[in-house]
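Chains E and L, in that order, are what the protein sequence lines are.
Counting in this note's numbering, the first sequence runs from 1 upward without gaps.
Counting in this note's numbering, the second sequence runs from 1 upward without gaps.
Each hint should be verified, as a subset may be incorrect.
Claimed, not checked - Quick list of in silico lysine-lysine cross-link-like pairs, DSS-like style, CA-CA up to 30 Å:
| id | chain 1 | residue 1 | chain 2 | residue 2 |
| --- | --- | --- | --- | --- |
| 1 | E | Lys396 | E | Lys417 |
| 2 | L | Lys317 | E | Lys297 |
| 3 | E | Lys36 | L | Lys317 |
As the list claims (entries may be wrong) - Facing chain L, from chain E, some residues (calculated, C-beta under 8 Å):
| id | residue |
| --- | --- |
| 4 | Asn22 |
| 5 | Thr25 |
| 6 | Ser26 |
| 7 | Cys76 |
| 8 | Thr78 |
| 9 | Gly79 |
| 10 | Arg316 |
| 11 | Glu373 |
| 12 | Gln374 |
| 13 | Pro376 |
Think of the hints as simulated: they come from the structure by calculation, not from any bench.
Glycine included, C-beta positions come from ideal geometry on N, C-alpha and C.
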Amino acid sequence: MPMHTQSWESVGPSLDECIKCNICTSYCPVAEVTDKFHGPKYSGPQAQRFRENGQPQSPDHSVDYCSGCRVCNEVCPTGVRIAEINARARAQAAAEHGIPLRNRLLGRSDMLGKLGMIAPGLANWGMRQGFARSIAEGVLGISKHAQMPTWSREGTFASWLKRSAPNRLRSERKVVYYHGCSTMYYEPYVGKAAMAVFEHNGFEVVVPEQGCCGLPLLNNAEFPAAEKYHHHNLEWLTPYARQGYQIVGTSTSCTLTLKEEAPDMLDIHTPEARDLALAVWDIFEWLRELHAQGQMKTDFQPIDMVLPYHPPCQYRAHHIGSPVMDILPLIPGLDVRESHARCCGGAGTYVYKKEKYQIAMDVGQELFTWVDEQRPVTMTACTSETCRWHIESATKLPCRHPIEVLAAAYGLYDLEKRKLTKE
Amino acid sequence: MSDLFVIGAGLSGLMAAYTAARAGLRVQVVTKGLGSMHWAAGTVDVMGYTPEELSRPVQRPLEAIQALAHSHPEHPYVLLGSHQVQVALEEFTALMAELGLPYGGAGGFGALAHSTSGDNLLLPSAVGALRPAFLAPSAQLAGDMARPEPLLIVGFTGLRDFYPELIAENLAKQGFQARAAFLPLSLLTEQADRNNVHLAQALDLQARRLKLGGELKRLARAGERIGLPALLGLDDHAAALADLSAAAGAPIFEIPTLPPSVPGMRLYKALRARLWRMGVRIDVGLEGIGANVIAANGTAGRVQWVETATTTSRPLKHRAKAYLLATGGILGGGFDSDHTGRIWETVFDLPLTIPQARHQWFRPAFMDPAGHPVFNGGVAVNAAMQPVGADGQVLYANLWAAGGALAGADPIQQHSLEGLAIATGWAAGQAIVRALAQ
Ligand code: SF4
Ligand code: SF4
């Protein structure tokens, strides 16, 4: 197998910084609940020595159990990029052993999205059927217990955009919105809430042609396919970046992929990739900046409720702190409580894999117990879609994107029905 | 915007954050990663050795601090005065008692005035050497070598980096009555490849520690005290210690292991939980990389904002009324250097009292009693913990510093890391509260 399908460039040097203190392993939520995984120090900087020497076989197969949560990176005192080393090691193992059909399927969120949209009612029904899920588990290894996302029954986000085009705000101040696959096919209401917030703050929203960010493919080690996606996005989005647009996304994983994951893992460090990365913002990172400049509207209606909020793991890699906690507490009446749980356990498509489902549930226990202790609670919030689905299925409580909460505070959105008030 | 922005989540940073938050300030803490406490023994070393006497441990550290006044006027302890150091330690012991992780000294537990006779404890290390410490978590107190009971050191077969025979042998060589025994690791876990922290978590389960306690009872002879590797519970440590001592029918103590240090992690987690409850934000993974300052001619300048690194090359700006530098020195990562020996403080580029040439960093003798300039030097501060220039003038009106970054002390050589962190962190916190009240 050719080795040039992924790059070690950006993580290699950090290896030498490891002082073998084992702090990473002490905080890794996966190593804590299973001994199928040897933990970050071993799978990361330690095993890496052998990988670097070009050994024919991966020295450590347990690395497949690393969920990519990046707790290890966060606590490491010397800045070793352990999670990134592990991601590349998983890819190398996949290259040696072949990528299972299951992972190829889970990696194609846009294709799955399009397929389900042909008949969303039927697709959702199929996903709920015990026999269909048992077959999926037996044949594909997709856990029958994991809650799969449900396809939107109100059409795609794009179809709504087209329908509502005449109502769009025109303004001098413009922003580009990157919605990603989940808003497109599963949760168009998140996109609607974001549009409402942008426009309420006086921004005209441009939604240019865009493709999947490629993260599910990167996670499942399909580099050539991910590269294709990234090149499309560069072609479509970089021109906007160069005209000075800010490109704002509601999915913390998509924005991270455009900022860092794709360029780093694929070693695409062209001026185009750099310009795009610099223009990409997480929506709350962007709102925080707007607020700091005194330009974010705060004409809120009170929302009287307790809201447990879980910051998704991807924020760790953005290195932007917890921007949601800089904004949501501005809403009167809202008692936002931030979770300090390390990870919900879902970790993207991790929880869907039969051999990992129980680990995902055990890792998430820290969060689920905490949510249970917050009272009275009618819903939770999280910025990342796959985490929301996992948290909903485990806590049996609705889980919203914080942008939906903000849109509701502006009086533009019904949090319960997930609808714009004027629709 | 916060009132106080702390860079560094070691003991000094957290102590300052606590002091300020308790006075009602809004505090944010950022740190690149976790460290310091996680690789220390969890004790509070105030002054284990003086610069003048490196071969014999200090017996009465607070008195030794007073003696420094003449020989080392630039030492942070001297800037504060031994009374202030004592008050800070009192604050710390009160806090830890409140958090259910009580610390004590040579006189036992409780408020500092009662818990210490003023003497250092002498505690066995993982190689059986004696380590001076002023305060220790309750789990280590029964290890004080001033106590008369003979020692039984118990290890676990297959546990790396903890060898009871080595410890017992070295203690015996120093004239103490000590013997070693082993128990199977399967008492703690069925899983392979667990590190100390995972093993400690296993003992958070009561059934396991009762089983272990029963085995210890079988092993111990009448009148012995039992030393175990420091993994007696993580989140349910107090109960684990009580259960084990009761089941074993003997005093039990922990011996700190190689990193990751479970006693250190308990300390970090207890402080962190307290700060969270006070609404302090702790952002791990944010590395301070620079600051924007207004310099002033002749008078003190001001820090406008601090920048932390993000994934894009767009740094994150943090604005606050006051800033505390608590990033540690050359070992803590607060200073960086290049191959020429140029060495600089990484956030504010504050002047350092370290020579800017590598050949001047170290004295020729490794154990030189004067210490090495690279460890002794750092950020010079005044009595209010504000960084000053060579002329003694405050550099920035809204900047303070604490902990390992300070000039004038070599906390590793002097075994004073935690004492310095607590005293200077507390003092900086107090000074900031006073300054913002004006
Ligand atoms: S925390 Fe960092 S330095 Fe410590 S063992 Fe892990 S990778 Fe190495
Ligand atoms: S990314 Fe998460 S699961 Fe993977 S090694 Fe790091 S802490 Fe463990």
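So, going through the hints one by one against the coordinates:
{"no.": "1", "hint": "E:Lys396 / E:Lys417", "result": "holds (17 Å)"}
{"no.": "2", "hint": "L:Lys317 / E:Lys297", "result": "holds (21 Å)"}
{"no.": "3", "hint": "E:Lys36 / L:Lys317", "result": "violated (41 Å)"}
{"no.": "4", "hint": "Asn22", "result": "holds (5 Å)"}
{"no.": "5", "hint": "Thr25", "result": "holds (5 Å)"}
{"no.": "6", "hint": "Ser26", "result": "holds (4 Å)"}
{"no.": "7", "hint": "Cys76", "result": "holds (5 Å)"}
{"no.": "8", "hint": "Thr78", "result": "holds (7 Å)"}
{"no.": "9", "hint": "Gly79", "result": "holds (7 Å)"}
{"no.": "10", "hint": "Arg316", "result": "holds (6 Å)"}
{"no.": "11", "hint": "Glu373", "result": "violated (13 Å)"}
{"no.": "12", "hint": "Gln374", "result": "violated (14 Å)"}
{"no.": "13", "hint": "Pro376", "result": "violated (20 Å)"}
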